[in-house]
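Chain A is fixed; fit chain B onto it per the hints.
Take a look at the letters that make up each chain.
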Amino acid sequence: MTIHHNLNRRTVLKAAGTSLALPFLPSLSRRAFAAEAAPVVPKRMIAISFGYGITKETWFPDPTKTGTEFTLSEGLKPLERHKSRITIIQGLSNKFSNEGHWGSTFYLTGANRYAVPGLNFYNSVSADQVVAEEYGKHTRFTSLQLNSKDNYESGHGPGLSLAWNRQGKPIAGIDTSLALFHKLFGDDETSLEERQRALAEQRSVLDAVLVEAKAIDGKLSADDRRKLDEYFESIREIETRLAKDEAWMARPKPKAEVKQPAAEPNGIEETRLMQSLMIAAFRTDSTRVITYRQPHWNLMKALDIDYHPHDVSHYSPGSRMEASQKRDLEMSRLLAEFIDKLAAVKEADGSTLLDNVSLSFGSNICSIHSLDNCPTILAGGAAGVKHGRHVVLAAKQTPLCNLWVTLMQGLGIEVDAHGDSTGTLGELTA
Amino acid sequence: MKTQSVAMMVALAAVMTSADAAVPTARMEAGHAAFLKTNCGKCHAGADTDSGVRLDDLPLEIATTEAADRWQKVMNVLNSGEMPPQDEPQPDRDEKTELLADLAQTLVVARQVIGEQGTRQIIRRLNKREYKNTIRDLLGVEIDVTELPQDGGAGSMDTVGAGLAMSSDQFESYLALGRKAVEEAIAAQKGATAKPQTYHRDSETFVNEQQRKIMKQKEEANAKYVAWTQAIDELAKLPEHADVVADITKRMGGRGDFKSQYYREWDRLVGKPAVKDFGYNDAFAIDFSGRDSALKSLPTLRNYYEQPATETGVYLGCHMVHNTESHKIPDAWPPGEYVYRYRIAAAEGAEWHQRFVQFGTKGNGLDNFDLMSTHEVTGTLDTPQILEVKVRVGSGPNRVYSIREKRRIKRGTDNDRFMKSFHAIGRGPTPVIWVDWVEIEGPLPTEPGRSEPVSLIASTQDANGARDVIERLATRAFRGESPKTEYVDRLMNIFEARLTAGDSFEAALRHPLAVVLASPPFLYLAEPGVAGKPRPLSGVELANRLSYFLWSSPPDEELLGYAAQGERGRSAVLAAQVDRLIESDRFDAFLDGFLHQWLDMERLDFFEFDAQKHRDFDDSMKKAARQEVYRTFASVLRSGGSLRELLSSDYVIANGLLAKYYGLEGVSGDEFRRVALPAGSPRGGLLGMAAIHAMGSDGTSSHPIHRGVWVAKHLLNDPPPPAPPNVPQLSRLDGKLLTTRERFEAHQEEPQCASCHRRFDPIGFGLENFDAASLWRTTDSDTKKGLGTKEWQIDPAGKLHGGPEFEDFFQLRKIVADRVDAFATGFTEALLEYALGRPCGFADDELVQQIVSRARDKDWQLREFFQALVASQEFQAK
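Read top to bottom, the protein sequences are chains A and B.
Heads up, the first sequence stops at 430 in this note's numbering, and the numbers go up one at a time, no gaps.
Heads up, the second sequence stops at 1308 in this note's numbering, and the numbers go up one at a time, no gaps.
Here chain B stands alone, though its shape is the one from the complex:
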């Protein structure tokens, strides 16, 4: 992405040689030469300096890699404080700040200017997401692509051709994944003719039998333990034990579980009872089966059976009782799409955060749960609801899907939940989610509107039949290009060799088909061309670009149909197609691909949120928070809304879970919908979203610097230069209780820190009313071991660097929302990079401004950005 706003370029004294010159020069202000002369000239001037480093001939215009490297060194040594040496006069603080601010920014421009001498690369490999989607479209199967390396990185999006490398390992992964996909597709296609089947289970039959058996054992264990403790009690009453009892009582200080400690030290009693007499093998068994097991689980089990309707259904509880409903799609059923159906209810008295279930797969060990979706339970025991969740399965072993009460993924915190309850009421929490029965049905027919997968079933089991299938798959996989005869011949040789070696017809065919999925016309989006001679794209090429831009997958038949009609009336048809693609479910791939990268949302998954401080910000909430960003964007776009609504709005797009988290009433269910906000709400627009604030935290505390940088970069289109290496650490404030502001304001003291931090720290402080998990707060506190706790009122007031002042969050939001022009420019640059598969450079300024002004004329209608981009020459030509 081009990391440079137009406003900034002017501030940099970038000299435009003529009105139409698109590429600026990266030039340091002449005044800085004086700084270098004064502060560095003693040792670093002239051809024969002892230092060997010459700065007096450093060009102010940074136009070559060599010049950039030399300036970079200057920045590094100034940042680290290495130069000027400590025993030399030090530069003026303000001058140093300005020089560093200017230099950091100019170097960013310089790297781009130098970089721009390079290519306009368009050919690109399908990225990981596109590859997965394309296979799904082509073969109707979902494959696991985790083994492919992550695309993107080094600062560009995962659609940028230059960053999408190929290696021999990757080629072999494509072959292996291709084989798997073909195998599953054949199995699924053979199964597609099979009638859907249904699996139905009333789990209580099995669960109750098992659980009551355990309860019986626990009752017996408990009886033993009670007898044992009674014996100890009797003994303890004897006068010779008064000292021991007094000692234990004193040591426990009357606090906590006095009695259990007392029973644990039974062997201090004279004439202690024989363990074996009470049916225990050894002393260890008393604690283990008696105290820990029976006392904890028995009351929890008893409580389970005190709940209504345990004879007609099961509860999903916590530890010690039934807690997860896992059901496997039978191995004999073919790969395909299936639906899990649950008749489910939440008991009366359940708190809001308990009225949700998680659906997913269980990994190895207790700690692992691969969360797929979260669902609100709105049914009651009188009128349960039917919950339906669809899954797509392959032929592999991972066919078990589970539901359970919403909770943390890491077991430690779930154990905390149990223990907390145990300490409070002597047993685990009362279960509240009740399941009457579970059903699995499928395979379901292909959804209407989806492309039918390529048939891999040969019409005849001979060479002609095999050749047909190979050609059929290759033609679709190559996006309309027919495979070369020599290519098909060679694939047929592979097939024949397999047959000769004894493979069955079907097994032999799998191998050449997998090769198709590792061939360049499939893996690369290639558009023929001659450098320097642009040409309009063909209809099919345009359909491909459009489809990979908005769906991250190949065009469907309708789009290809229009492509075949030629250029006449293309623009009208194209605009309608853009709208249609945006309306489709498959546009989700754009939301996930573009928004995640544009807004740097990977940080949302970095942290496990502190369970004590942020109980409700669990994995389910994190997913909902991410969806809020995606769904809001989609809603604004589809409803003809304005980009301004992403900066500030009087509504949120939320589902039941998120609305409850935000304290908004009257919203339930899993669908995201528009919810009007009460006056004065901090929600509405990106700056009110949970995901944005959670990303600007470390999972425990808010992180104003991250937040400030994020706002500067994404909303104000004023991205700070990358964090420089070698900056000395601030340590003088350690070992003190400090407000967040005090802690970070130290950044403003050192010139090398202030040069950047003054640009974003104040914004971050203005957002301090949102805690790490985005809930509104007016106070904050700091606790340090040995120092105690300090609490303070949050003071969000501040001033943008070189800009207006604000009193509170609402004024800050207003300032940001008023700068929609900058936001629109940054958004357009990101969209351009994503759509064209190459970085947005200075030469694109005219196009960016065209798109921005077209959108501005329509009151920043979000849809207009997409239409203007697709209508542009850049999008439609190679």
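Chain A extracted, bound-state conformation:
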């Protein structure tokens, strides 16, 4: 943990300034340079998790049929039309996971909860945030974290979203499609001058609270100061964001191409709305990195399943297993729709959005609180994965983080290790 007791806004800004590239201006650049060069279509990343796992008996394809010669299992049937566009992987897990109710907490981090003696809970940076450090330079939002309203009850585990920052602290997420809509397209009706003044005021606010923060800090014991660091860290993050806001200030938010979502959609409608908004966010290049903790309980409620998600996750043959399978099918159906939508969007160079996205869909929990064989589906062409295959890894407990390293490298991020990774999954791209 770094300590920033003598945090000086100016130095922070200077540091942030160097890493801030100019806003990406597709329309302008296209018009200006159309004659000279083909437009560059950016790569994007989406990671979706679904808390409590799936029904392993009917979700995984037959492990003896691998490569292109596999049949989609019952639970994946709705993905039939995308069979050549997806990859299903078996044999991945997070080595340190011991929590059978935490499907999302360590999903993208691979951390050891007990890594730091004296702490009851520890986490490390999530893969999406590593990608966002690079991809986020070009967009208004460095990354977007999406949630559902039933996070805790759905087996996602502790955390505020799938994303964890460099300090291993949870990053807040957006809980509803309506809130996401406002974030992406909400009109700022104030004038540029007013916004500049607001920005200046925000900086004055940070300066003021730092006076009191430093005064307290000086009197505290070392342990207590470490706790107060979170406050300094928060202020530093806002400083960085304000610098970015400043760079983006003159650019209005894009016009919404989707309708404003209804206030209280059910779990199925909500997932669809989030899908459409994710696509809208990419189309307007508002961000290039998105994570989503899907609804689970609300999805089940929309399917008229009366059980609590936890009870369903403890399924055994009978009505709870049927409920679990019904939910699996709906998740597959929604994923298939999402792939349809991604494939339907044409990019400037004639490719589709699907070609330029790396999509992963899975959970840290497999089935009935088992943490081995994390269910994993990949789609999209951005990370160079060769699709249409069922990959059953030779080593039964290959680190899930090997997948994240593979995808990150495929996305052009210079990284050779993440979480508990031991290497890459070369077979995905070969």
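Just so you know, the hints here were simulated from the structure itself, not pulled from any lab data.
From the three backbone atoms N, C-alpha and C, an ideal C-beta is built for every residue, glycine too.
Some clues are possibly wrong.
In silico EDC-like cross-links for lysine to aspartate or glutamate, where the CA-CA straight-line distance does not exceed 16 Å [unchecked claim]:
#1 A:214 <-> B:957
#2 A:169 <-> B:599
#3 B:1220 <-> B:1235
#4 B:914 <-> A:306
#5 A:95 <-> B:496
#6 A:214 <-> B:911
#7 B:1214 <-> A:217
#8 A:396 <-> B:512
#9 A:183 <-> B:512
#10 A:183 <-> B:599
#11 A:95 <-> B:986
#12 B:1043 <-> A:306
#13 A:219 <-> B:911
Label-pair ranges, simulated between beta-carbon atoms [said to hold, decoys possible]:
#14 A:80 <-> B:477: 47 to 53 Å
#15 B:1032 <-> A:241: 29 to 35 Å
#16 B:1006 <-> A:207: 41 to 47 Å
#17 B:671 <-> A:80: 49 to 55 Å
#18 B:937 <-> A:264: 31 to 37 Å
#19 B:484 <-> A:249: 58 to 64 Å
#20 B:803 <-> A:198: 39 to 45 Å
#21 A:241 <-> B:1045: 49 to 55 Å
#22 A:322 <-> B:1219: 19 to 25 Å
Leaving out everything else, chain B in the frame of chain A:
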């Protein structure tokens, strides 16, 4: 919370190196090494194993994270059955059970021992509850804090500093909430000088006009429909229609609504009548406005007006008639506290469960009702009562409050209520709750004894006036610490910049004031100090700790007054202050904060209870059941009672609603009070409470495992280790009708299940006489599609693992109640964690035992736990 009892530590062969060593070692019994050697040694021994996993050098003492992780892996593969591989010899069942039981428990200890090398963190952010309360104290306004993330989780209480994180999003939420609070406070303070106003409505004027208009339309629709059906009847009599009529009659089998089906198939008749001749636009309109609407609502409306006193008041009915009284506090009235007053009565012949109204706010759509409180209606039409409910409102749009007859929140079940009645008597249920008039009055003056909010009204509208307000708020918000001059200067700059930009004086002042509420001295309870050098707390610091412990809010003037007097005679004054704080209404914040977390009561809100099976366990009853736990604790504490009364007592603390649910007579009204129990009652003490059993259910059926675990954890202080991942599912019993016992006893067959389940399943079975909603039963049944129904006599008899046998619930309750020592230890550990804002560790054992023994000497007086804790060195020093 420390999840480990002293008794258990001995059983674990934890080696104490000397009498005063507080921290045990987490050590596996040496015998287990032999198990590993025999069962795993073939592939997992020596430095050059092919498997790459070596177990022969696994240390028996688990003292490092690395060792804990390796043992955890061993547990995981044994649990999942992955190891030893299927084609290898399998370990002895009993040995495996013992190894897993020991390992699971030792790992819990190990994680704590390793964790204990860490910190004694005291600085902490105000948690969500404390933040809300502190704002209310400071500014006199109630703000909605739902946007702040939930605190606590990952196994610790929401007062534990280590778990109370800060993020940039949260900082910005504090700024936004602060602005809102300041804005409301200014509006409320300006309004405080305004005289209280009164709004009075006799709703019947409006309701009757509307409802009679609808009734008239329905009468006309009905007349049309009657003419139509008569025409069909005539046609049907013709001989050429005999076949059609016979067919419909046969298909309906003489059951149900024969005639309506018959009218629906009118177009099968030759020479069918022209729809338009009867005044209908199309065939659809016949069903819609004729059959469905007129036939259902008209009789219901007629019935409404057959009731007495409809010309002087309104009834709160079900569907199709007036059912909710909603009234808005006028927008022009300032934020503040208001009272809603209803002159109300229940009609003769109303059943007990109908004699209650719900008060709350209506959300979007028919399904939503935000239930705030439930009230018993004791007035009669001859002598109505006046019901008063107080609310605190802000300046926002949510100013509409409603009452309605007690019912389920989800509309589906209310619709069921209507349909059930419709099928039985051809209309909705007879309304029974009658309201003469509604009054709203306010704003009410600040309650005596409450701190006056900080005045945000500047004495002069200039820089000096603004500076005064900023300093005044900051000094109170920082709990007595003066703000730094540089800080106030910077806030003044923000104010000045706003003024220059054209803001009014008041609008410009709001922004710097909101910043105060996002500054560290407000958000953090910080006590200066140097690691390793304890010092006594100052008077103000102690007052803060005490107040946040017992009120979850800042100290009042009286407490601060004592704090200022210095250390002389502190202990006597302190004890009296502890009593005073406990007596106060504000102690409710402790009940809600501590009991909810200590007893894991969040589960009570998980389930919507099955309306068919558990009609009366609705949202109102759930709230009453929760209150029973809180009120009982408060009553025992305040009356000088003993902790033993929480385990077993000859009385309950109940209000009218709960007493009626329990079948206790002679209790009415909303106040919780002490009610003596008849001999042989299963009620009295936590094990007789509705909330506890409802939590141990899934809303439909009882869940013996949840109940057993809960009792082991909270009453016996013998918490089972966390549910392990990767345990195979039991499936061989599916597709059979089984008793609850048969279903769950399968857990005892597999070693990896039995190692834990034998500790709590028998307790859960002993509580099976309580159904999911806590009502007493002697039989239970299982129904499965295609298999029919199986009914059985409940057999609660059992035996605690390694402990005594019991015949029935009463004997089980006695066994649990006799173990008050264990209960007291667990309670003290939880109280310590909550009060000190850090986990209770092994190093705290001495303190825990001190507190327990002080209480034991006073026959477990509940108050003594609080006094002993506050009097301790740990509480009074940094």
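Results of checking the hints against the structure:
Restraint check for residue 214 of chain A and residue 957 of chain B: the C-alpha separation of about 14 Å stays at or below 16 Å, so the hint holds. Taking the CA atoms of residue 169 of chain A and residue 599 of chain B, the gap is about 12 Å. The hint holds against a cut of 16 Å. Between the alpha carbons of residue 1220 of chain B and residue 1235 of chain B the distance comes to roughly 28 Å, so the proposed pair goes past 16 Å and is violated. Pair hint residue 914 of chain B plus residue 306 of chain A does not hold up; C-alpha atoms about 57 Å apart against a cutoff of 16 Å.
Distance restraint check for residue 95 of chain A and residue 496 of chain B: the Cα-Cα separation of roughly 13 Å lies within the 16 Å cut-off, and the hinted pair is therefore satisfied. Restraint check for residue 214 of chain A and residue 911 of chain B: satisfied, since their Cα atoms lie roughly 15 Å apart, inside the 16 Å limit. At roughly 64 Å between alpha-carbon atoms, residue 1214 of chain B and residue 217 of chain A are farther apart than 16 Å, so this suggested pair is violated. For the hint linking residue 396 of chain A to residue 512 of chain B, the alpha-carbon distance of about 11 Å falls within 16 Å, and the restraint holds.
Between residue 183 of chain A and residue 512 of chain B the CA atoms are separated by roughly 48 Å; this puts the pair beyond 16 Å, and the hint is violated. The hinted pair formed by residue 183 of chain A and residue 599 of chain B meets the criterion: a straight-line CA distance of about 14 Å does not exceed 16 Å. For the hint pairing residue 95 of chain A with residue 986 of chain B, the CA-to-CA distance comes to about 51 Å; that exceeds 16 Å, so the pair is violated. Taken as a hint, the residue 1043 of chain B and residue 306 of chain A pair is honoured in the structure, with Cα atoms around 15 Å apart against an allowance of 16 Å.
About 13 Å separates the Cα atoms of residue 219 of chain A and residue 911 of chain B, which keeps this hinted pair within 16 Å; it holds. At roughly 51 Å, the beta carbons of residue 80 of chain A and residue 477 of chain B sit within the given window of 47 to 53 Å. For the hinted restraint 29 to 35 Å between residue 1032 of chain B and residue 241 of chain A, the CB-CB distance of approximately 34 Å keeps it satisfied. Checked against the hint of 41 to 47 Å, the pair residue 1006 of chain B and residue 207 of chain A passes, with Cβ atoms roughly 45 Å apart.
A C-beta distance of roughly 52 Å is found between residue 671 of chain B and residue 80 of chain A, which places it inside the suggested range of 49 to 55 Å. For the pair residue 937 of chain B and residue 264 of chain A, the supplied restraint of 31 to 37 Å holds, since their beta-carbon distance comes to about 34 Å. For the pair residue 484 of chain B and residue 249 of chain A, the supplied restraint of 58 to 64 Å holds, since their beta-carbon distance comes to about 60 Å. For residue 803 of chain B paired with residue 198 of chain A, a C-beta distance near 42 Å keeps the hint of 39 to 45 Å intact.
Under the hint 49 to 55 Å, the C-beta atoms of residue 241 of chain A and residue 1045 of chain B, about 53 Å apart, fit the expected range. The given range of 19 to 25 Å is respected by residue 322 of chain A and residue 1219 of chain B, whose C-beta atoms sit roughly 20 Å from each other.
Hint compliance for this structure: hints 3, 4, 7, 9, 11 are broken, all remaining hints hold.
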